[in-house]
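Participant: Residues per chain, in single letters:
There are 2 protein chains.
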Amino acid sequence: MMRYADNTVGAIMEFEVITVRPEATLAAVQRYLRRLGKMPENTDKLFVTTRNKLLLGELELQTILLNDAQKRVGDVMEGDPVTFQPHEEAEKVARTFERDNLLSAAVIDADGKLMGRLTIDEIVDVVYEETDNDLRRMGGLSNDDDVFAPVSKAVKTRWAWLAVNLCTAFIASRVIDGFEHTISQLVALASLMPIVAGIGGNTGNQTITMIVRAMALQHIQPGSFSFLILREMGVAVINGLVWGGIMGAVTWWLYSDPQLGAVMTLAMMLNLLMAAMMGVIIPMVMVKLGRDPAVGSSVMITAITDTGGFFIFLGLATIFLM
Amino acid sequence: MMRYADNTVGAIMEFEVITVRPEATLAAVQRYLRRLGKMPENTDKLFVTTRNKLLLGELELQTILLNDAQKRVGDVMEGDPVTFQPHEEAEKVARTFERDNLLSAAVIDADGKLMGRLTIDEIVDVVYEETDNDLRRMGGLSNDDDVFAPVSKAVKTRWAWLAVNLCTAFIASRVIDGFEHTISQLVALASLMPIVAGIGGNTGNQTITMIVRAMALQHIQPGSFSFLILREMGVAVINGLVWGGIMGAVTWWLYSDPQLGAVMTLAMMLNLLMAAMMGVIIPMVMVKLGRDPAVGSSVMITAITDTGGFFIFLGLATIFLM
Numbered sequence: 001m002m003r004y005a006d007n008t009v010g011a012i013m014e015f016e017v018i019t020v021r022p023e024a025t026l027a028a029v030q031r032y033l034r035r036l037g038k039m040p041e042n043t044d045k046l047f048v049t050t051r052n053k054l055l056l057g058e059l060e061l062q063t064i065l066l067n068d069a070q071k072r073v074g075d076v077m078e079g080d081p082v083t084f085q086p087h088e089e090a091e092k093v094a095r096t097f098e099r100d101n102l103l104s105a106a107v108i109d110a111d112g113k114l115m116g117r118l119t120i121d122e123i124v125d126v127v128y129e130e131t132d133n134d135l136r137r138m139g140g141l142s143n144d145d146d147v148f149a150p151v152s153k154a155v156k157t158r159w160a161w162l163a164v165n166l167c168t169a170f171i172a173s174r175v176i177d178g179f180e181h182t183i184s185q186l187v188a189l190a191s192l193m194p195i196v197a198g199i200g201g202n203t204g205n206q207t208i209t210m211i212v213r214a215m216a217l218q219h220i221q222p223g224s225f226s227f228l229i230l231r232e233m234g235v236a237v238i239n240g241l242v243w244g245g246i247m248g249a250v251t252w253w254l255y256s257d258p259q260l261g262a263v264m265t266l267a268m269m270l271n272l273l274m275a276a277m278m279g280v281i282i283p284m285v286m287v288k289l290g291r292d293p294a295v296g297s298s299v300m301i302t303a304i305t306d307t308g309g310f311f312i313f314l315g316l317a318t319i320f321l322m
Numbered sequence: 001m002m003r004y005a006d007n008t009v010g011a012i013m014e015f016e017v018i019t020v021r022p023e024a025t026l027a028a029v030q031r032y033l034r035r036l037g038k039m040p041e042n043t044d045k046l047f048v049t050t051r052n053k054l055l056l057g058e059l060e061l062q063t064i065l066l067n068d069a070q071k072r073v074g075d076v077m078e079g080d081p082v083t084f085q086p087h088e089e090a091e092k093v094a095r096t097f098e099r100d101n102l103l104s105a106a107v108i109d110a111d112g113k114l115m116g117r118l119t120i121d122e123i124v125d126v127v128y129e130e131t132d133n134d135l136r137r138m139g140g141l142s143n144d145d146d147v148f149a150p151v152s153k154a155v156k157t158r159w160a161w162l163a164v165n166l167c168t169a170f171i172a173s174r175v176i177d178g179f180e181h182t183i184s185q186l187v188a189l190a191s192l193m194p195i196v197a198g199i200g201g202n203t204g205n206q207t208i209t210m211i212v213r214a215m216a217l218q219h220i221q222p223g224s225f226s227f228l229i230l231r232e233m234g235v236a237v238i239n240g241l242v243w244g245g246i247m248g249a250v251t252w253w254l255y256s257d258p259q260l261g262a263v264m265t266l267a268m269m270l271n272l273l274m275a276a277m278m279g280v281i282i283p284m285v286m287v288k289l290g291r292d293p294a295v296g297s298s299v300m301i302t303a304i305t306d307t308g309g310f311f312i313f314l315g316l317a318t319i320f321l322m
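Heads up: the sequence lines are chains A and B, in that order. Quick note: the UniProt record's numbering has the first sequence finishing at residue 322, numbered continuously throughout. Quick note: the UniProt record's numbering has the second sequence finishing at residue 322, numbered continuously throughout.
Please note: incorrect hints may appear among the correct ones.
To be verified - Coverage of chain A stretches by chain B, computed from C-beta distances (three or more under 8 Å per stretch; other residues unrestricted): (1) 28-41; (2) 59-65; (3) 238-247.
Since the hints were derived computationally from the structure, they do not count as laboratory data. Every residue, glycine too, gets a C-beta built ideally from N, C-alpha and C.
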């Protein structure tokens, strides 16, 4: 038995199949089944092959029951069934199962010979795992880290992204440090800057979550790029005007400084716009580069909205308030 | 036809079923099926009922094919099948389908009468939607907000959580403002505080994502609470010592201030511990209160690690450095 990568058809296929010949009558098939006495679990169809295991078609149990017992298998079988090859990606195959409402399907090799079958119960497991994995990957969690892994394993699997997160946080910190002079003159900036960064992070994460999942479910066509970016920017402009306006007014009132309020409003708008753009662009670029758009997307967008938010806010403050 | 809530069995059940009587022979059933000429899609079993539609059992197509044609339905049927009622939650039913490898199942009313059936293809759709919804809910995205909704709808569905996020960011900002005097004396604190908050947010989100999903997949028993909290705190202590130690050393080197470095290390450790605890406690409490632990969990944990991180870091700085 060959070994196949975890996420492929080969890893989840079953080898127990019932095959019949095209020249047999349905009555003969039924006698054969009675002699067998049982079928593999989740059998909804038999496979029709030549003596050399070349797949010719599929014979559903329904078909045996609905047709006259004297008919031949070759005349009532489905001659052009959906088939898969062992190296295909399980997640893509799961979508085909969903789209075509399959219960089982043949797995064939490159020569068209029957190797085994895929059943819907394995596919349901794939679907559960897949969406779970997307969730984990977005936050930089490994697929192996489950709730009952020991501490040592949990530390190891989260190590890398924690390091990435520390590096990005350090960069954001250096951006703030660059504006030390500005902050020392107006300490209020230190308390306001996390608001600008936070709102950007929240918006960016919402956008990127939606895009990543829509890509996974193949809801996005390559041509939708400009529509999506315009839509997200439209949402950002509206939210920026409303919430940026409110926070600007609150800032003005808190610090009795209308200019500080205006800087707050402008910074929030700009950071929301950046978050929206990056939330669309990052996953699109990842896919172009042939990488999984879910991996660490949340860590990345937060890094950008933090660093960008601090830079925009403190930069505007330096220009307009100093 | 009655109307059932979106996420219930009633909303996804099908009404097309084939029923047979227990006293019929398998040969009679097969003649009946040939007369019908076709079966509803995804039929893997027939339902055995009385004349009054009371469900007595299930007859798999396999059973008809494997047994002698003279046997009676009542003798070969599955007499104690898994059944569902229309008000049951679709997501829970999906897990039963997965656990028992079901392809279809009867839906019965309170009196045990057959109403319809559930098929695996509807269940697969439920699974796809469910995990998707969890992802969205964690970030405070509505289920209705898809990538191609118009701007006005997207604004409306994200409105509420953006407001919540702004409020929590505002609270964090007030915490910083309370330490204005400390920051004005040591501006370096302003650049270092986002590192403490950020690392807490990252860790807290990893923990809460894992717990929420494990709860959804029913991997967590009520008794696991103390194990989980101890495990997450163990991970936090190790990460706090290592990464907090590294950042403390970097801070010492950057600002030539060993005390500032020590405050940094201690603050990172404490915030990581808090993030780990809250990442376990929040979803557990939500479930106890009968609420969906996924809704807004990411927004909530970030709010806590931000506010807490600022408070811990600036508080320690005020105590030890002023």
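Participant: Each hint: holds or not?
Facilitator: Here is what the structure says about each hint:
With 8 residues having a Cβ less than 8 Å from any Cβ of chain B, the stretch 28-41 of chain A passes the three-residue criterion, so the hint holds. With a cut-off of 8 Å between beta carbons, the stretch 59-65 of chain A has 4 residues touching chain B; three or more are needed, and the interface restraint holds. Counting residues of the stretch 238-247 of chain A whose CB falls under 8 Å from any CB of chain B gives 5; the rule of at least 3 is met.
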